[in-house]
Structure formats: structure tokens, C-alpha cells
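Student: Those letters in the sequence shown? Residues 1 to 522, by my numbering.
It should be emphasised that the hints constitute simulated quantities derived from the structure, not laboratory data. Being a predicted model, the structure only gives us computed values, none of them experimental. Built from N, CA and C at the ideal position, the CB exists for glycine as well. Everything hinted at is true.
Pair ranges (Cβ atoms, derived):
1. R448 with E377: 18 to 26 Å
2. D181 with A125: 23 to 31 Å
3. T210 with G166: 24 to 32 Å
No more than 27 Å apart at the CA atoms, straight line, and that leaves these computed lysine-lysine pairs for BS3-like:
4. K267 with K282
5. K456 with K267
6. K334 with K189
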Amino acid sequence: MVVHDTAVTRPHPSDSAPTPVREVEVAVIGGGVGGIGLAVALRRRGIEDFVVLERGNDFGGTWRDNTYPGAACDVPSHLYSFSFDHNPDWSQSFSTQPEIQDYILGVAERHDIRGKFSFDHELIAADWDESTSRWMLATTRGPISAKVVVSAMGALCEPNMPDIEGIDRFDGPVFHSAQWDHTIDLAQKRVAVIGTGASAIQIVPAIASTVAHLDVFQRTAPWIFPRLLRKYSTLERFAFRRVPGLTSAFRSILYLLREIYAIVLIKFPPATVGLGLIAAVKMRIEVRDRALRARITPEYRVGCQRMLSSNEYYPALGRENVDVVTSGIAGVQKDSIVTADGTVRPVDAIVVATGFRITDSPAFDLFRGRAGLTLAELYAEQGVSAYKGTAVAGFPNMFVILGPNSGLGYSSAIYMIESQIEYIVDAVAAVQNQQIANVEVRPEVQERYNSDLQRKMSKSVWVTGGCRSWFLDSTGRNVALWPDFSFRFRRQLRTFDIESYDVVQRAASLTAAVSATPGSLR
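When you get a sec, could you build the whole thing from the sequences and use the hints?
Tutor: In C-alpha cells, the structure reads:
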């Protein structure tokens with residue numbers, strides 16, 4: 001049996017002699033897009049006393065790890081990049097994983113931040129020390145004490161491995177799409193792909209022509225839209241390089257076009273009928289088999305789940321060697337998958353394309369705040385929430401990139417990341433320049449913010465569209481996405497609003513903090 005388990009095994013501290021504690025002003029967890037962008041911003045503001053811990057062996061995060069066949073971005077290339085580092089040489093309108101990873105590595109090298117990163121370095125636990133107003137980090141390379149901690153791990157860091165009866169007894173390879181095993185040759189094998197989300201619709205057409213047989217296990221059918229994919233010509237790339245302001249203007253156009261989706265998905269959901277018509281026509285043209293079309297037609301409104309785009313997925317489903325299985329999986333045997341209707345489907349390899357743990361991420365267990373509760377325990381009691389997707393009451397001097405309700409269901413996550421980065425850097429600068437011991441968002445401010453956010457969310461198609469998506473927590477609240485135009489998210493993070501925080505000044509005595517006015521320097 002060859003099983004590639006996606007469960008995260010947390011390392012344990014060494015039992016050898018104690019390692020000296022390293023002290024830094026800022027510790028950043030995660031070396032993907034968020035960690036890279038924050039490192040660049042900190043250095044630009046003259047803040048040099050920081051370290052970025054990355055458990056992988058290089059930059060990239062999601063784009064380093066997701067190397068499955070067909071991996072690509074569904075946001076236009078020129079929009080899915082940093083505003084401070086445009087790439088005029090994108091080869092096509094929607095870039096593939098290798099090209100995005102090359103861009104990320106290039107950003108890190110051009111901005112000379114490699115020396116600030118510590119690779120193969122994993123966080124074991126982070127605990128707030130009230131007596132010193134610092135975070136104490138246990139890591140695989142020894143303890144670190146940090147004045148400020150920033151989680152830049154993002155939402156797509158922990159693969160979601162479904163609990164399927166008997167999968168551990170399967171004789172063949174089993175691996176998650178985010179942990180693709182390139183040593184396994186799937187050619188002429190009977191392969192099962194579990195899931196029909198963003199990764200699956202790229203994997204299926206990439207392997208369908210080489211495998212002997214492919215079973216696609218579908219729980220919920222996705223809406224698929226045309227992918228406006230085109231190669232950029234040599235002349236176009238030359239113009240992007242040489243014409244001043246052209247890449248910025250093109251990015252702005254792409255940005256505005258994407259913002260239109262916010263009107264449809266959030267402001268006026270009935271307009272999704274038009275989008276549904278486009279998707280339905282596409283399906284009718286590309287899927288001639290009526291029975292297949294019936295199986296893959298969603299029963300919810302467009303936009304309720306993530307909208308996907310592909311020009312190859314439907315044709316791949318129509319191949320003679322591909323079956324779409326809609327009966328649930330009852331269990332796995334040593335050489336087959338048994339469905340709920342009793343059918344036994346022989347398979348040689350299983351690819352699990354079931355996304356990531358978003359609302360119950362194991363990363364929540366790593367951080368323990370002021371009240372002695374981990375983030376996971378706090379969220380279990382009060383629900384997943386944050387202030388501006390960036391700060392959490394009870395966790396002083398801690399900030400999060402792509403925290404609750406800071407994701408986008410229609411445009412570039414990097415836009416949101418850069419908005420949060422500026423806010424966080426302002427906060428770090430305030431802590432340094434104003435001799436602040438700690439800052440913590442006030443609970444009532446966070447509660448008021450999220451009440452307003454959920455009120456806006458209640459009219460969106462994500463809530464009213466009739467589906468169950470990974471955007472929602474166990475209570476049905478959308479805790480993943482931002483329910484408004486993205487420029488409004490940026491506007492609210494333009495400056496660090498210290499008046500929304502309880503602030504403790506560095507002083508010989510901190511007892512005066514008890515009676516101080518919220519938001520004042522104490």
C-alpha cells in the first residue's frame with residue numbers, strides 16, 4: 001500500500017540542551033505571497049528587525065506546493081501580481097503554476113529579501129506572554145521572542161483530506177492535489193479524482209487523455225464559464241515593457257471589469273440569471289449527452305459556490321474513458337471504490353481534490369492569546385471572525401493576512417493582501433515609534449464590525465444562492481469572503497486606526513492600563 005497522507009504532523013521540540021532565545025521585533029509566519037509582500041513593505045519603511053519563518057524549502061507557498069497537472073490561476077495574470085512589481089512578460093492571459101512561481105521567486109530576488117527568510121523552519125506554537133508583552137514562539141529551530149507576530153499562512157495552507165472508510169487500506173497511491181506525487185505515473189491506469197472544484201477541473205482534462213479510465217466523483221456540480229485564454233504576442237510584451245504606464249492602465253481595466261462581479265454577486269444577486277444563461281449555453285454546446293448534462297447541471301444559483309472557468313473540462317467529461325459518478329462514496333477497498341448505490345469501481349490510484357481546511361484550519365491551534373485560549377478554541381466558542389480580516393480581540397500584537405472575511409470571490413487575492421500589508425506595517429511602525437507595549441482590537445469594535453459585515457453579506461448570492469460551500473462555517477455564516485467592492489476594503493485599511501484598539505504604553509508600571517480610556521496611549 002502506498003498512501004500519501006495529507007495530515008500535518010506537528011514537530012516536537014528537541015529534548016537536548018535549551019537553545020538561546022532569538023529576539024526580533026516582528027516574526028512573520030509564511031513565505032508565500034503574503035510573507036513576501038510584507039517583507040518588502042517592512043524594508044521599505046526602514047523596519048529591518050524581522051524574520052519570516054517558512055516551513056517549506058523556498059518562497060511560494062500555495063504556488064510552490066500546488067504542482068498538479070494543469071495548475072493555473074483563474075485571475076488574469078496582470079492583475080494577479082504585486083502593484084509594486086509589474087510583470088510585462090506574462091506569456092498568456094491566465095498564467096500557469098510554473099510561470100507564477102517564477103514570478104514570485106523573481107520578486108524575492110529583485111527586492112533582496114532572501115536573507116530575511118528562514119526556510120525549512122516551522123512554527124510549533126505561539127503563546128502570548130503577558131508579563132513581557134511579547135509572543136513566545138516554539139519552532140523547529142529553537143525559541144523566538146517577538147514583539148509582533150503576523151500570520152501570513154493564508155487560507156490555502158492545510159489540505160482537506162476527507163474521512164473515507166477504508167482509504168488507508170487501499171493498495172495503490174492516494175494523494176491530495178496540493179501534494180501531487182510526481183513519482184507516480186498515471187498513464188494507462190484506472191484513476192479516481194474525488195472532487196469537482198477549482199483544482200479538479202484543471203486536473204481532469206490534463207490527465208484524461210493518458211489514463212486508461214477516469215472516474216470523477218462529484219458531490220456538487222460546479223458552474224463552469226468560458227476561459228478567455230490567449231497568448232500575448234511578442235509585440236504586446238514589448239509594449240508592456242517599453243510604453244510608460246501601459247501595464248498600470250491594463251491592470252486598472254482588468255480590475256474594474258472584475259469589480260462588476262461584485263455588483264452581480266453582492267449588490268444585485270438576481271443579475272446572476274444572466275451569468276447562469278452563459279454557463280448553461282456553454283454546457284449545452286460542449287456536452288451533447290443529455291444524461292451527462294443532467295448529472296453535471298448545478299442545482300443552485302450561479303455564484304453561490306466559487307465560479308470556475310475552463311475550456312477543457314466539459315470536453316474531458318465527454319470522453320469514452322471518463323465517467324462522472326454522483327453517488328456518494330461508501331468506502332474504499334484495496335483496489336476499488338464502493339459507492340452508496342453498491343457499485344464497485346476498480347481503481348489503481350486516487351487523487352483527492354477536495355480543497356483546503358478554511359474555517360477549521362489546524363493553523364488556528366498554533367496561536368494562544370491573552371485569555372489562555374488558542375485561536376481554534378476562541379473560534380469554537382464565539383465563531384470565526386476578525387476585525388478588518390486582520391486583527392482578533394484577545395490576541396495582542398498579532399495580525400493576520402487573509403484572515404476571516406478578507407477573501408474575494410471574484411478578483412485578485414493579492415489586491416486584498418497588499419491592502420492588509422499597509423495596515424499592518426502602519427501598526428508595527430506605531431508600536432515602534434510611540435513606545436507601545438501592545439495593541440489589541442477592542443472586542444466591541446470587532447463585534448460591531450462583524451455585525452455590519454454579516455448584514456451586508458446576508459443579501460449576497462453566497463448566502464441566498466441555495467448551496468453549501470467552503471465559504472460557510474458550521475453555523476452557515478460566510479466567514480471567508482468580503483461582501484463589498486474590494487476598493488472599499490482597501491479604503492478601510494488605508495491607515496491604522498489606533499482609536500479602535502486598547503493600547504498599553506511601554507512603562508515601568510502597566511497597572512495604569514486598567515483605568516485608561518480605550519484607544520488612548522496608556
